[in-house]
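Visitor: Protein chains in written order, with the working numbering: chain A, 1 to 161; chain B, 1 to 127.
Calculated directly from the structure, the hints in this document are not laboratory data.
C-beta atoms are modelled at their ideal positions from N, C-alpha and C, and glycine is treated no differently.
Please note that a few of the clues may not be correct.
Per label pair, the in silico range of CB-to-CB distance [said to hold, decoys possible]:
1. B:66 - A:112: 35 to 41 Å
2. A:77 - B:83: 37 to 43 Å
3. A:96 - B:58: 39 to 45 Å
4. A:49 - B:67: 55 to 61 Å
5. B:63 - A:112: 43 to 49 Å
6. B:113 - A:85: 32 to 38 Å
7. A:59 - B:39: 53 to 59 Å
8. A:103 - B:38: 46 to 52 Å
9. B:30 - A:92: 46 to 52 Å
A short, non-exhaustive set of chain A residues, derived as facing chain B with CB atoms under 7 Å [to be verified]:
10. 8
11. 23
12. 41
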Amino acid sequence: MVVQVSKAATVTLPSDEQILITREFAAPRHLVYGAFTTPDLVKRWWGAGLGEVTVAEIDLRVGGAWRYVMVPDGGPEVGFHGEYREIVPNERIVFTEVYEGIPDGEALNTATLTKKNGRTTLAILVQHRSKADRDAHLNSGMETGMQRALDLLEQVAASLG
Amino acid sequence: MARAATTTDAFNAVAEPRRREILDLLAVGERSVNDLARLLGLAQPQVSKHLRVLREVGAVAVREGGRQRLYRLNGQALRPIHDWVSKYERTWSARFERLDSVLEELQQEERDGGTGEQGRDRDPSQR
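Sequences are here, hints too, so could you generate the full structure?
Guide: This is the structure we're talking about:
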C-alpha cells in the first residue's frame, strides 16, 4: 500500500474570483468519479455530516441539470442547482452552480480528476463572476481584496513554522 | 455587508490595498516609514496613517532603532483571516472524509466481484 498522506482538503484562492479545492483519495479514478456523479452516493457524502442531503438529482449529460438539497441540523433546507457544460467521463466535469439563497451568483465549477500511483486527486476550481460573489460564497463580510492578504498570510504562517 | 469603516479588526485593516502592500513589504523585513514611503511612492504622512491602522489591530509592531522607528510584521494578528478561510476548508474536509468511506465501500464491492448493488448499476464506466 501507498503511504498515507495528509487527508485534509486544501482550499486556496488563486484569484479574486476563484476558489480551488483539492484533495487526494486512496481510490481509483473511476470510483471517485462514480461517487461524485451517482445520486445515492452523493447523498452519503455531500452533506459533510452537517445535515441530511434530501435531494440529489443528476442528469449527467451536457445541458443536463443537477440539484442538491441539504437540510442542515436544526436549520432550513438549502438548495443548489446547475447545469452540466462539459463531461469527460472519469476525467473532467464542468458545471454551473447556483446557491438558491443567492440566485444571481452563478459560479462555474471545473472538477478535474488526476491519477497518481493508484490514487486520485480531485481538484474543484470554482470560478465566480465577481469577487463579491466569491466572497459571499466564502460566507464573508469582506469588502475588498483578500487574496493578497492571504498570500501574505501563507508566507507568514510558513515563516512561523 | 454593513461593516463600519473602522479599524477594529484585521479584516478591515487589510481591506485597503496600500495596507496590504505595506504588509507585503514588512513580510520581507523591518522598514522605516521613510523606506516604506519611498517603496510605495506615497507621502510619508499617508504611510504613517496606514501604519497606525495596522498597529491598532496588532498586524504591525514598532521598535526604536537608533534615530528611526522600525516597523515589522506581526503575523499572529492576521489569524482571524486564516480562521475565516479555514471554515470553508473544514466543510470540504468533512465532506471528503465521508467520500473516503463511500470510496472504501466501492472498492470493497469491486474486490468482492461487484456483488454490491449500490452504485454498480450507475457505474460511470458503463454509461
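Visitor: Next step is simple, just say for each hint if it's right about the structure.
Guide: Now the hints, each set against the structure:
For the hinted restraint 35 to 41 Å between residue 66 of chain B and residue 112 of chain A, the CB-CB distance of approximately 54 Å leaves it violated. A C-beta distance of roughly 27 Å is found between residue 77 of chain A and residue 83 of chain B, which places it outside the suggested range of 37 to 43 Å. Restraint check, residue 96 of chain A to residue 58 of chain B: a C-beta distance of roughly 41 Å satisfies the suggested window 39 to 45 Å. Residue 49 of chain A and residue 67 of chain B have their C-beta atoms about 58 Å apart, which keeps the hinted 55 to 61 Å range intact.
A hinted range of 43 to 49 Å for the beta carbons of residue 63 of chain B and residue 112 of chain A is consistent with their spacing of about 48 Å. The given range of 32 to 38 Å is respected by residue 113 of chain B and residue 85 of chain A, whose C-beta atoms sit roughly 36 Å from each other. About 55 Å separates the C-beta atoms of residue 59 of chain A and residue 39 of chain B, a value consistent with the hinted range of 53 to 59 Å. Separated by about 49 Å at the C-beta atoms, residue 103 of chain A and residue 38 of chain B satisfy the suggested range of 46 to 52 Å.
Checked against the hint of 46 to 52 Å, the C-beta distance between residue 30 of chain B and residue 92 of chain A comes to roughly 47 Å, which is consistent with it. Because the beta carbon of residue 8 of chain A sits about 5 Å from the nearest beta carbon in chain B, less than 7 Å, this interface hint is met. Evaluation of the residue 23 of chain A hint against chain B yields a held restraint, the C-beta minimum of about 5 Å falling below 7 Å. Restraint check, residue 41 of chain A versus chain B: the minimum CB separation of about 5 Å is within 7 Å; hint holds.
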